[in-house]
Amino acid sequence: MFSLESGSGFWNPVLWVLVVFVLFLLFYGIRGFGRSTYKKGTEQTKVFLSGNKETSAEEMHVKASNLYWGFTTSMKSLYSVLRKMHTGNTSDYILWFVLVLAVLFLIMGVM
Amino acid sequence: MTFLETLLQQSPVLIIATPLLSAFLMPLVSRIHAKVRDVFALVVLGVTSCFVGLLASDVLSHGPRIYIFGAQNLSFPLVRILFEVDSMGVFMAIITVMLASIAVVYSWSFLHQQDGLDKYYTLLLLVVTSALGMELTGDIFNFFVFLEISCIASCALIAFWVDEGEALEAAFKYIVVSSIGALFVLFAIGIFYAQYNALNIATLAHLLQFTFLDKIVLAILLVSLGMKAGLAPMHMWMPDSYGRAPPSIILIIMSATLASVYGILRVMFTLYGNVLTTSLRFSLPAHVIIGWILIALAIVSILIGVIMALVQTDLLRLIGYAGVAEIGYMFLAIGTSIVALGTSYATVALHGGLFHILNDALDIGLLFLVAGAIYYVTKKRSLDDISGLARSMKFTTVFFIIGALAVAGMPPLNGFTSKFLIYESVYQVNPILSIIALLGSILLLAIFIKVLYAAFLGPELPELKDVKEAPRSMLLAMGFLAVFAVVIGLFPNLVLDTLVKPAATALLDHAQYISMVVGGL
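In the order they appear, the protein sequences are chains A and B.
Using our numbering, the first residue of the first sequence is number 1091, and each one after it goes up by one.
Using our numbering, the first residue of the second sequence is number 472, and each one after it goes up by one.
Calculated directly from the structure, the hints in this document are not laboratory data.
Among the clues, some could well be false.
[To be verified] Pairs of lysine-lysine residues, derived as PhoX-like cross-links and limited to a Cα-Cα distance of at most 20 angstroms, are as follows: (1) A:1153 with B:506; (2) B:850 with A:1153; (3) B:851 with A:1153.
[Said to hold, decoys possible] Listed next, the stretches of chain B that the computed footprint assigns to chain A, with coverage defined by at least 3 CB atoms under 8 angstroms from CB atoms of chain A: (4) 877-888; (5) 959-969.
[Stated by the list, open to error] Over 12 angstroms on every C-beta distance to chain B, these chain A residues come out as not near it, computed from the model: (6) 1121; (7) 1122; (8) 1126; (9) 1143; (10) 1153.
Every residue gets a Cβ at the ideal spot worked out from N, C-alpha and C, and that includes glycine.
Model the full structure from these sequences, guided by the hints.
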């Protein structure tokens, strides 16, 4: 009843939740063996930034447009093609419709 | 005949008539009191849901049901329209009424300070009518009529925030794209009528010869309805419209979009079901060629959807692009089931694709409502302008996390269950397709982690210090979707066995659909 069969495998979410819960308990137990000897509000709990002074949280927050900068920069050529494709002009939207329709007509015509 | 049996017999027409007539009654009801109007809209959808539930229970236990408008006998002049409701139709109708009811509850708070809500609810009920009509009709011209109603009413709703120029621009783009798509559908129907002198889907499916003109019609219907469904590279209207429409409306437009996906399924499996195995040039069966065309468009949709979503900073547009990727997953499954027609994994792929229609409605719908809640409390659209909202919007944050993980296909949520079926079945056709689908899911997770970090985590911005949690009705609407996402994720067989598998069987057993009409009606 709880198992989802795909023909080549199965997925049982209830079993998965139970396994994750047991693992959580296990890791929580292991964590209990650690020692909490650090002192709050001292240097021990401050962020280490290679010796640089920690700035305010507002200044350190990375904006959404800067996230995944490395990925978008390395894929610059792909993004420039995609941006050219997404012009925002309605006539271009229709052009894509006509293009796909033409390709399908061609395939149907040949076949 | 008991009252319940009479209701059941008339339920196909009542499902259409209730929201349609109530739509035109709405301006009058609005004059009584705003609260009466709000409750009336929900009651109408509640009554419609009851009729859908009644019809669904009958269709799922006794098979397809036919309702005849007009001439009862085959006497001339023969003026009549048939509604043919099978398990696939009721599956889609359930999704439509569920989305619409949740949208109305959400709208109570989201739009309570807006003017023109009588028109808003009128248009909303018209879109619901059109989507339900598309899903229940057995007549292809009638399908076009409902498609047109959907285009016009959706366009007006997208432009609801008429004082924003960009909303008008988005509505203009939507009406141009939708109208051209609908006109091509009409052109295709004209070709059918000229050839076979029939408009009934079952009759057409019975008569279809797969002539050159039929191939042309197939191409037109696939591309036109594909554009309405948001299939790349004809998807561009989708982020534009979803980015500017009120988020409560997006749920309704989504139901109309999903009705177009239903249209493609009906065309492929019922209308062309008899001729799909026909051998074409180079001894290639038609279903292999058509299936691979759909798979190619699906892969383009997944890749373009996730790659473009990754760089968006406008939250609604970002979710719009994620929606394009989700449409891609549906068509990947549909394409696979057509390529592998007759095999066991084709059925698994179709189960995955149909299940994903429901999961997409729930998960993407939930994310749109979360984005709407953020806009409601901050009046900001860009992720660059918001931060640290988890402190003041705890429930909304939890709902966002559930929606984001479900869209990314993370276990044990509902998105994973349908994607699991899709990955496994697509792998049988070509492992590379499965890898691309998995890559798309990983990127979707990365996209929504970006949103989580940018909007909910991080420092609290001074200008957002007074922000409060979204109002109760909005939380209730989001809560419904989140609970569905979790429950369906944990117990997928509840929905799969009762709704998805019968819907897939109805599509694959097109002979039953055809024989219901051709056998004597």
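Cross-check of the supplied hints:
Distance hint between residue 1153 of chain A and residue 506 of chain B is unfulfilled; the C-alpha atoms sit about 41 angstroms from each other, more than 20 angstroms. Of the pairs offered as hints, the one joining residue 850 of chain B and residue 1153 of chain A holds, with about 18 angstroms between alpha carbons and a cut-off of 20 angstroms not exceeded. At roughly 14 angstroms between alpha-carbon atoms, residue 851 of chain B and residue 1153 of chain A fall within 20 angstroms of each other, so this suggested pair holds. Requiring three or more residues with a Cβ within less than 8 angstroms of a Cβ of chain A, the coverage given for the segment 877-888 of chain B holds, as 4 such residues are present.
Counting residues of the segment 959-969 of chain B whose beta-carbon sits less than 8 angstroms from any beta-carbon of chain A gives 6, enough to reach three: the coverage restraint holds. No beta-carbon of chain B comes within 12 angstroms of the beta-carbon of residue 1121 of chain A; the shortest separation is about 23 angstroms. Annotated as non-interface, residue 1122 of chain A keeps its C-beta farther than 12 angstroms from every C-beta of chain B; the closest such distance is 27 angstroms. Interface exclusion of residue 1126 of chain A from chain B stands, the closest Cβ pair being 25 angstroms apart, more than 12 angstroms.
Annotated as non-interface, residue 1143 of chain A keeps its C-beta farther than 12 angstroms from every C-beta of chain B; the closest such distance is 17 angstroms. Residue placement check: residue 1153 of chain A does not keep its beta carbon more than 12 angstroms from all beta carbons of chain B (closest about 5 angstroms).
The structure fails hints 1 and 10 (numbered hints given earlier, in ascending order).
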